[in-house]
Amino acid sequence: MEIYLYIALFAPLVGSLFSSLFASSPKTMITGYVASGLLFTSLVSSMILLSYVMGGHTVHVEMMTWMATGDLYIPFGFVVDQVSVVMMMVVTIVSTVVHIYSIGYMDHDKGFNRFFAWLSAFVFSMMVLVMSDNFAGLFIGWEGVGLCSWGLIGFWYHKESATWAANEAFIMNRIADLGMLIGIFMVYWNIGSLQYDVVFEQIGNLPVVVITWIGIFLFIGAMGKSAQFPLHTWLADAMEGPTPVSALIHAATMVTAGVYLVVRSNPIYDLIPNVGLFIASLGAFVALFAASMALVNRDMKRIIAYSTLSQLGYMFVAAGLGAYWVALFHLMAHAFFKALLFLGAGNVMHAMHDELDPFKMGGLHKVMKGTFVMMTIASVALAGIYPFAGFFSKDLILEVGFVEHHYVIYTVLLLTAGLTAFYSFRLVALIFHGEERYKLFGIHPHEAYKFMLVAMSPLLLLAIIAGAFKMTYYQLVTSLLPDTQYHVHSEMTYWIMTIGTQLFVMAAIVFAYKKYGNWSGVPDGTSTMENRFCYKLLWNQYYIPKFYNEVFSKPYVELSRIAWKQIDLKIVDAIVDGIANFIYKTGENTRDIQNGNLSTMLRWMVFGLVILVALAVAFSVGYNAVGA
Amino acid sequence: MFEAIAFYLFAALTVVMFTITVVTSQALYAITAMAAGMIFISAFFFILGADFLGAIQIIVYTGAVMALYAFGMMFFDTTRKVVEKRVNPQIVFVLGVLAAILVVAIFVAPIVSNNIHALYPVQEGVGNSQAIGMVLFTKYLVPFELAAVMLLVAMIAGIVLAGKKMDKSLTLMTEEDIAKAHPQHESHHSAGGHH
Amino acid sequence: MEVTLTHYLVLSTVLFAIGLIGVMRRKNLLMLFFATEILLNATNIAFTAISHYIGDLTGQMFAFFIIAIAASEVAVGLGLLIVWYKRTGKIDLDQMNSMRG
Numbered sequence: 000m001e002i003y004l005y006i007a008l009f010a011p012l013v014g015s016l017f018s019s020l021f022a023s024s025p026k027t028m029i030t031g032y033v034a035s036g037l038l039f040t041s042l043v044s045s046m047i048l049l050s051y052v053m054g055g056h057t058v059h060v061e062m063m064t065w066m067a068t069g070d071l072y073i074p075f076g077f078v079v080d081q082v083s084v085v086m087m088m089v090v091t092i093v094s095t096v097v098h099i100y101s102i103g104y105m106d107h108d109k110g111f112n113r114f115f116a117w118l119s120a121f122v123f124s125m126m127v128l129v130m131s132d133n134f135a136g137l138f139i140g141w142e143g144v145g146l147c148s149w150g151l152i153g154f155w156y157h158k159e160s161a162t163w164a165a166n167e168a169f170i171m172n173r174i175a176d177l178g179m180l181i182g183i184f185m186v187y188w189n190i191g192s193l194q195y196d197v198v199f200e201q202i203g204n205l206p207v208v209v210i211t212w213i214g215i216f217l218f219i220g221a222m223g224k225s226a227q228f229p230l231h232t233w234l235a236d237a238m239e240g241p242t243p244v245s246a247l248i249h250a251a252t253m254v255t256a257g258v259y260l261v262v263r264s265n266p267i268y269d270l271i272p273n274v275g276l277f278i279a280s281l282g283a284f285v286a287l288f289a290a291s292m293a294l295v296n297r298d299m300k301r302i303i304a305y306s307t308l309s310q311l312g313y314m315f316v317a318a319g320l321g322a323y324w325v326a327l328f329h330l331m332a333h334a335f336f337k338a339l340l341f342l343g344a345g346n347v348m349h350a351m352h353d354e355l356d357p358f359k360m361g362g363l364h365k366v367m368k369g370t371f372v373m374m375t376i377a378s379v380a381l382a383g384i385y386p387f388a389g390f391f392s393k394d395l396i397l398e399v400g401f402v403e404h405h406y407v408i409y410t411v412l413l414l415t416a417g418l419t420a421f422y423s424f425r426l427v428a429l430i431f432h433g434e435e436r437y438k439l440f441g442i443h444p445h446e447a448y449k450f451m452l453v454a455m456s457p458l459l460l461l462a463i464i465a466g467a468f469k470m471t472y473y474q475l476v477t478s479l480l481p482d483t484q485y486h487v488h489s490e491m492t493y494w495i496m497t498i499g500t501q502l503f504v505m506a507a508i509v510f511a512y513k514k515y516g517n518w519s520g521v522p523d524g525t526s527t528m529e530n531r532f533c534y535k536l537l538w539n540q541y542y543i544p545k546f547y548n549e550v551f552s553k554p555y556v557e558l559s560r561i562a563w564k565q566i567d568l569k570i571v572d573a574i575v576d577g578i579a580n581f582i583y584k585t586g587e588n589t590r591d592i593q594n595g596n597l598s599t600m601l602r603w604m605v606f607g608l609v610i611l612v613a614l615a616v617a618f619s620v621g622y623n624a625v626g627a
Numbered sequence: 000m001f002e003a004i005a006f007y008l009f010a011a012l013t014v015v016m017f018t019i020t021v022v023t024s025q026a027l028y029a030i031t032a033m034a035a036g037m038i039f040i041s042a043f044f045f046i047l048g049a050d051f052l053g054a055i056q057i058i059v060y061t062g063a064v065m066a067l068y069a070f071g072m073m074f075f076d077t078t079r080k081v082v083e084k085r086v087n088p089q090i091v092f093v094l095g096v097l098a099a100i101l102v103v104a105i106f107v108a109p110i111v112s113n114n115i116h117a118l119y120p121v122q123e124g125v126g127n128s129q130a131i132g133m134v135l136f137t138k139y140l141v142p143f144e145l146a147a148v149m150l151l152v153a154m155i156a157g158i159v160l161a162g163k164k165m166d167k168s169l170t171l172m173t174e175e176d177i178a179k180a181h182p183q184h185e186s187h188h189s190a191g192g193h194h
Numbered sequence: 000m001e002v003t004l005t006h007y008l009v010l011s012t013v014l015f016a017i018g019l020i021g022v023m024r025r026k027n028l029l030m031l032f033f034a035t036e037i038l039l040n041a042t043n044i045a046f047t048a049i050s051h052y053i054g055d056l057t058g059q060m061f062a063f064f065i066i067a068i069a070a071s072e073v074a075v076g077l078g079l080l081i082v083w084y085k086r087t088g089k090i091d092l093d094q095m096n097s098m099r100g
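Chains as they are written, first to last, in numbering that gives the first Met the number 0: chain A, 0 to 627; chain B, 0 to 194; chain C, 0 to 100.
Hints may be right or wrong, so weigh each one.
Dumping the calculated DSBU-like pairs for lysine-lysine here, alpha-carbon to alpha-carbon at most 30 Å [to be verified]: (1) A:K368 / A:K449; (2) A:K359 / A:K535; (3) C:K85 / B:K80; (4) B:K84 / C:K26; (5) B:K179 / C:K85.
Label pairs and their calculated CB-CB ranges [claimed, not checked]: (6) B:L8 / A:W603: 21 to 27 Å; (7) B:L8 / C:I65: 21 to 27 Å; (8) B:I155 / C:I65: 20 to 26 Å; (9) A:N594 / B:G162: 29 to 35 Å; (10) B:V148 / A:Y622: 39 to 45 Å; (11) C:G54 / B:M172: 56 to 62 Å; (12) A:W603 / B:K164: 32 to 38 Å; (13) C:I65 / A:I570: 55 to 61 Å.
Simulated coverage check for chain B against chain C, where a stretch passes if three residues somewhere in it have a Cβ under 8 Å from a Cβ of chain C [claimed, not checked]: (14) 6-20; (15) 56-62; (16) 146-160; (17) 172-180.
Hints in this document: simulated from the structure, not taken from any laboratory. Since we're looking at a predicted model, the values are computed, not measured. Positions of the beta carbon are idealized from the N, C-alpha and C atoms, including for glycine.
Please model the complete structure; the sequences and the hints are all you need to start from.
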C-alpha cells in the first residue's frame, strides 16, 4: 500500500516538474496531457487507498528523517487515515477535473505550460498538507499551497490588479501563518513532539490555559487560509486568477485547509469548548456577512467567492461545535458543487469574452445548454435542496446548531441559507434567463469545448449524489473523529425543521427568479435601490478594504518612506559609503609607502618590529599581572 | 672581579667600535672599526667559555668576511667620502632606541629565563671544542652538512656574480640589443617562424 | 660586581639597536651590509651568553650556524653588489627604485 501512497503524493510533483521544464516555451499540448494523466494516476492511487482504508486499515510511512538535532526529531512522515483519505479524494477528484478542464480553458493562453506547472505543484503541496503525519509537514504543505496560490492568482502578471491581488493574498496569509507558527511552536515547547499521535495523546495533560492559546493560535492560521473575518478580503480579490484556479484553490481545496486543520486537531479543540464556540460564532457571522455582500455584487466570480466564504463559515460552525465529521462532510460536498459552479462560470466567461457582469448577459441558456444545466444543478446543490449534495451536508449543520441549543447560530445560518439560495439564483437568472442583453455589446457567445463539459460531468454527478454516501462516509470517518449523532429529539420537530427550511429556500429561489428572471437593461448606478445606504455598504464590502487601506497600508507606506529616506539613505547608506570612502582615502594617502625606496621600507620594517615587540611586552605584562 | 672588568671593558670597546661603523662617513674607518669590533666580540666568547666559537669568530669574521669586504671595496672608490642623503635622522634614532628598550624589557623581565631548559647540557670533564664537536656531529649533523652545502652554493654564486658577463641584463635590454649581442639567436628566431 | 646573563642580554640589545640604526640610516649598500653584520653579531652574543648561563650547547650551535650564514650572505651579497655597481656605477639605495608601486 505504501507504493500507492507515494504515487498519490508524488505523481503531481512529477507532473509539475515536467511542465516546468517547458514553462518558458510556448504552448505544448503534452504538458497538459502529462500533468492531467499523472493527476489521474494520483486519483486512482487515492481510490485504491480509500478502499484499503475502508477495510479498517491505515497506512503510515516515514519516508525519511527531515530534522534531527538534539531532542528535535521531525521526520517526513505521511499518514493515510480516515480523515486524510477523504481529503485526498476531494483534492484528487477536483484537481483531475480541473486539469482536464484547463486544457480547454487555457487553450489560447501564452502561459499554458507554466499554468500546469503551478497547478500540479499546488496539488502536490495540498497532498503534503493533508497527508503529513505531523504539524511541521502540514506547515510545509500549508506554505506550499500559499506559494502556488500566489503564483496562480498573479498568473496574468502583466495585469496590475492580478499582481496586487496575489500579493494581498500572500501577505494576509503570512500574517495568519505567524499565528499558526506560534501555535506549532507552543505545541512543540509543551509536548516536545509534533507528531499528531503523540501530540493528541498528551495534549490533555497540559493546563487548560496553554491548550486554549494553542487552539487560538492554530485557529488564527486557519482563519488566514480559510479567509475568515477579518482576514477575508483576499479571497474576493483572488478571483483575478484564471477561473480553474478559483475552482480548485479558492473554492474546493486550499481555502478548506483551515477547516481541515481544525478537524485534524479535534482532540485539541475538544478540550476547549470556549474556543470552539468562538469559532462557531465567527463562522456563523462570516456566513451571513459574506452572503450579504454577495447579494448586490455585480461580478460573477466574486459572487461565487463570497458564497465560498459563506460556506466556509458553515464548516467552521460545525467544526467549532464539535461536529467534526459534519464539517468534513460539508467540505467534501461543497468542494464538488462549488468547483462545478466555478467551472461553469469559467465557460460563461469564455463565451462572454471575459465579461464578468451578469447584468450584461442574460438569456444564455439558449446557446449554452450544457453549462446552464450544470450551473443550475450546482446552485440547487448549493442552496441545499433535496436530494442534492448540499441538502445532506448543510441541513446537518443547521441541525447541529439546533441540537446543541445554539439557537442564535441556528437562526443566522437559516437566514444565510435563504440568502444563499437568493444570490445563487439571482446569478443563474441573470446569466441564463431574461432578455439577451449581451447583444447590446456585440458579443457572440458559444458553448465551451465538448470535452470540457465531459470533464465537468463527474463533479455534476457528485453534486447530485454525494448525499447518498453519507452513511458510508459516516462509518468511515467516525473511526477517527468523535461520532456524535445529531438527532432532533422529536420526530415532529425534525420534519418541521427540514420541510420549513426547504420551503424557505424554495421561496428564496422563486423570489430571485421573479425579480431577476425577466431583467432588462443594465443598471447604471442611478436607480433608487443603488443609492440606498445599505446597498452602498454591501457594494463596498462594508468598507473593510477601504478601512484596511487607510489604517494599515497608508501608514505603512509612510513608515517605509521614512525608513527609506531618513534611515536607509541618511544612516545606513551613509555608513557604508563612509567605510568605503575611508578605505579609499586611506589607500590614497598610504600609497606613498610603496615608493620603491628600500631605505624607507627598512624603516617601516623596523617600525613594525617595534610594534610587535611592544605588543609582546604588553601581553606578557598583562599575562603576568593576571597570573599573579 | 676580573671577569666583570673584562666584560665592561670589552662592552665599552665593542659599542664604540660599532657606533663608529654605523656613523662614520669614511668607508675605510667603517671597515676597520668593524673588524676591531668583531675581535672584541670574540673576547666575550672566551669569557663565556665558548673557546671554539671565539676562534671561529676571529677566523671567519675577521679573517674571511672582513677580507672579503676589503676585496669588495677595492671595486668601489673607497677614499672618497660616502655621501648619503639623510631623511629624518630623529625617527631612525627613536625607532632604534625604542626597539632596544622594549627588547631589554623582555629580557629583564623574568619571562624568558624562567622558560628555558637545557636540551643538551654541557658534559663535565670535556673541553669546549670537544663538547661542541660531539653535539655538532650527532644532533646537528644534518644542519651542519646543509650549512656546508650552503656555503658551497654561496661560493659558486659569488664567483658567478662577480664574473665577466654579469654586467649585462637580458631582462633590461631591448629585443634589438639582445639580437645584436647574440646573432645566433636571430637566425634561430627566424627559423622558428613568427610569434 | 658579578656579571649576570642580563648584562650580556642588555649588551646584545644595545649592539642590536646600533645595528638597527645603521640599517635605517645608511644609504650606501656596503655600509648597510656592515650594519647587518652588527645585527648578526649582537644575536651571537646573546646566544652564547644564554648557552653559558643555562649550561646548554644549543646556543653555541646556533651562533655557529649564524656565522656560517653570515659568511655565505657576504659572499652572495658582495657578488650582487659588484654586479649592480658594474651596471649602474652607483651603490646608493635611494636610486634603486625599480620596485616603485
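Each hint tested on the structure:
1. This hinted pair checks out: A:K368 and A:K449 have alpha carbons roughly 12 Å apart, not beyond 30 Å.
2. With a C-alpha separation of about 20 Å, the suggested pair A:K359 and A:K535 falls inside the 30 Å cut-off, and the hint holds.
3. The suggested pairing of C:K85 with B:K80 holds, with an alpha-carbon distance near 20 Å, which does not exceed 30 Å.
4. About 7 Å separates the Cα atoms of B:K84 and C:K26, which keeps this hinted pair within 30 Å; it holds.
5. Simply put, B:K179 and C:K85 have alpha-carbon atoms about 21 Å apart, close enough for the 30 Å limit, and the pair holds.
6. The beta-carbon spacing between B:L8 and A:W603, approximately 37 Å, falls outside the hinted interval of 21 to 27 Å.
7. At about 25 Å, the beta-carbon gap between B:L8 and C:I65 stays in the expected band of 21 to 27 Å.
8. Taken as a hint, the range 20 to 26 Å holds for the pair B:I155 and C:I65, whose Cβ atoms sit roughly 21 Å apart.
9. For the pair A:N594 and B:G162, the beta carbons lie near 33 Å from each other, so the given range of 29 to 35 Å is met.
10. Judged by the Cβ atoms, the range 39 to 45 Å given for B:V148 and A:Y622 holds: they are separated by roughly 41 Å.
11. At about 59 Å, the beta-carbon gap between C:G54 and B:M172 stays in the expected band of 56 to 62 Å.
12. About 36 Å separates the C-beta atoms of A:W603 and B:K164, a value consistent with the hinted range of 32 to 38 Å.
13. At about 58 Å, the beta-carbon gap between C:I65 and A:I570 stays in the expected band of 55 to 61 Å.
14. With 7 residues having a Cβ less than 8 Å from any Cβ of chain C, the region 6-20 of chain B passes the three-residue criterion, so the hint holds.
15. Counting residues of the region 56-62 of chain B whose CB falls under 8 Å from any CB of chain C gives 3; the rule of at least 3 is met.
16. Counting residues of the region 146-160 of chain B whose beta-carbon sits less than 8 Å from any beta-carbon of chain C gives 11, enough to reach three: the coverage restraint holds.
17. Proximity of the region 172-180 of chain B to chain C, defined as three or more residues with a beta carbon under 8 Å from a beta carbon of that chain, is not established by the 0 residues found.
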